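Spelled out from the first residue to the last, the chains are:
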Amino acid sequence: MENDVEGSLLSLRQTLLFLTGPVYSIAQSPYAVSGTVSDITEDRQFLLQQRDQLNAQVLEMKEEQLRVRYLQAENARLRQLLGSKVQLPSRATIAEIIGVPPNPQRSAVILDKGKVDGIAPGYAVVDALGLIGQVTEVSRNISWVLLISDRNHAIPARINRTGVRMIVGGIGSHDRLVVEDLPVSTDLREGDLIETSGLGGRFPVGYPVGLVSSLESTQASPYLQAAITPSAALLKEGHVLIIPPPMEEKASAVEQSTDTDEGES
Amino acid sequence: MREAGLFMTVLVLLSLVLSVFHLPDSFADWISYWRPQWLLLALVLWVQRIPQFRGALFMNLFAKNTMVDGTTTRRVLVLVWLFGFYVDALLGDPFGLNGAIFASITFYLLRFKDRLHLQTLSQQMIMIFMMVFLGEIFRASVLAAALNQAWDLQPVTLAVSSMLLWPFYHWIARRFLGASPRN
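Quick mapping for you: the protein sequence lines, in order, are chains F and H. Under our numbering, read the first sequence as residues 1 to 265, first letter to last. Under our numbering, read the second sequence as residues 266 to 448, first letter to last.
Since the hints were derived computationally from the structure, they do not count as laboratory data. Small disclaimer: the values here were computed from a predicted structure and weren't measured. Be aware that one or more of the hints could be misleading.
Claimed, not checked - Some but not every residue of chain F turned toward chain H, in silico, with C-beta under 8 Å:
1) P121
2) W144
3) G169
4) K236
C-beta: ideal position from N, C-alpha, C; glycine also.
Working from the sequences, and respecting the hints, build out all of it.
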């Protein structure tokens, strides 16, 4: 009974969320218009230059990707030798930020992808530089993303250099995260890269979270006070990638492999 | 009154868009602490002018006669609460929060409409300040309890900016709807 009520409220909320789409599109339209105008008025010479630069960048990336493919295959073989499960490359969905909640206390963004694109709550969101947040609410074609800087958000993370695990929490400021409950004796230095540890099964392993910007240990506290500057630009415009949690991916991969097995037999 | 209905529809749609509009990244953070509560202002204007809306839709939904009676009050309260659900989805607030705020303010405005009608513009501004302030205090306490949001000066800043915008709303309403009717 209680589940019925909750379920119907949830579907009502999803329907209403779907209906908020036009309002956000209109609110975003000045930015879209200014983007189009600058596209039209852009200097041809500049565009050609930019194209050349991007072409060079694509070539570099392709070369890097070839190596990554090789390393991935090698990694999979080694993991099989070790008897651990093969980690699969993630299938990412590109999404555009279409809105930001007006309350400055809420660290969230709204994306233009939803259920129809296969997005579900719990999916990780990253940009080119690092982790941004996770999907919390999904309707047909809109999803809300809680940013890592929100006071309610925490990430299972580890130090890239030493592998020491920790929890990184948001404090509501978009250029500062904090490490929670790390003993004073931990080997942590300024400039250390903090990345996702993959524990908890929500965020894929190895995505950059941020760099340690300041360290402080006081006599009063047995814990280290460390501040982290997020790697990702937690901006209000632009494009991001949505990545399914590793657990779900494995499940779908298992389904796929059983499908192919059946096909072979 | 067809024009009044059109005016109000445009005002509500504009308020919805303005309430989710965000400034470019280059603007300082503190400006967003002073955003007026567009939807609350539109709500106050609408409730004040309810006797003026005499379109077919309004007649069927609310009032059969020209008086704002108990039935009208109840229906208006239900309507603003339902509208609050939509605003909850729009702003990502817990379900029912905006509905509660809208309905409380509407109830106050309808219950004391005769007394509020005698107020001067400056008195109305103080009333707007108090309503937005109390509404935002309620919102902040719910968000602090449900979403662990920190307390800040938003109830004051939002109330001040909304209050300062009220003369403009008052003038616009006079311009498009004429003087506020008594009933």
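Going down the list of hints, with the structure as the test:
1. Against a cut-off of 8 Å between C-beta atoms, the interface hint on P121(F) is violated, since the closest Cβ of chain H lies about 13 Å away.
2. The criterion of a C-beta within 8 Å of any C-beta in chain H is met by W144(F), whose closest approach is roughly 6 Å, and the hint holds.
3. For G169(F), the interface hint is violated, since its Cβ never comes within 8 Å of a Cβ in chain H; the closest pair sits about 11 Å apart.
4. Below 8 Å, beta-carbon pairs count as interface contacts, and K236(F) has one with chain H at about 5 Å; its hint therefore holds.
Taken one by one, the earlier hints fail for this structure at numbers 1 and 3, listed in ascending order.
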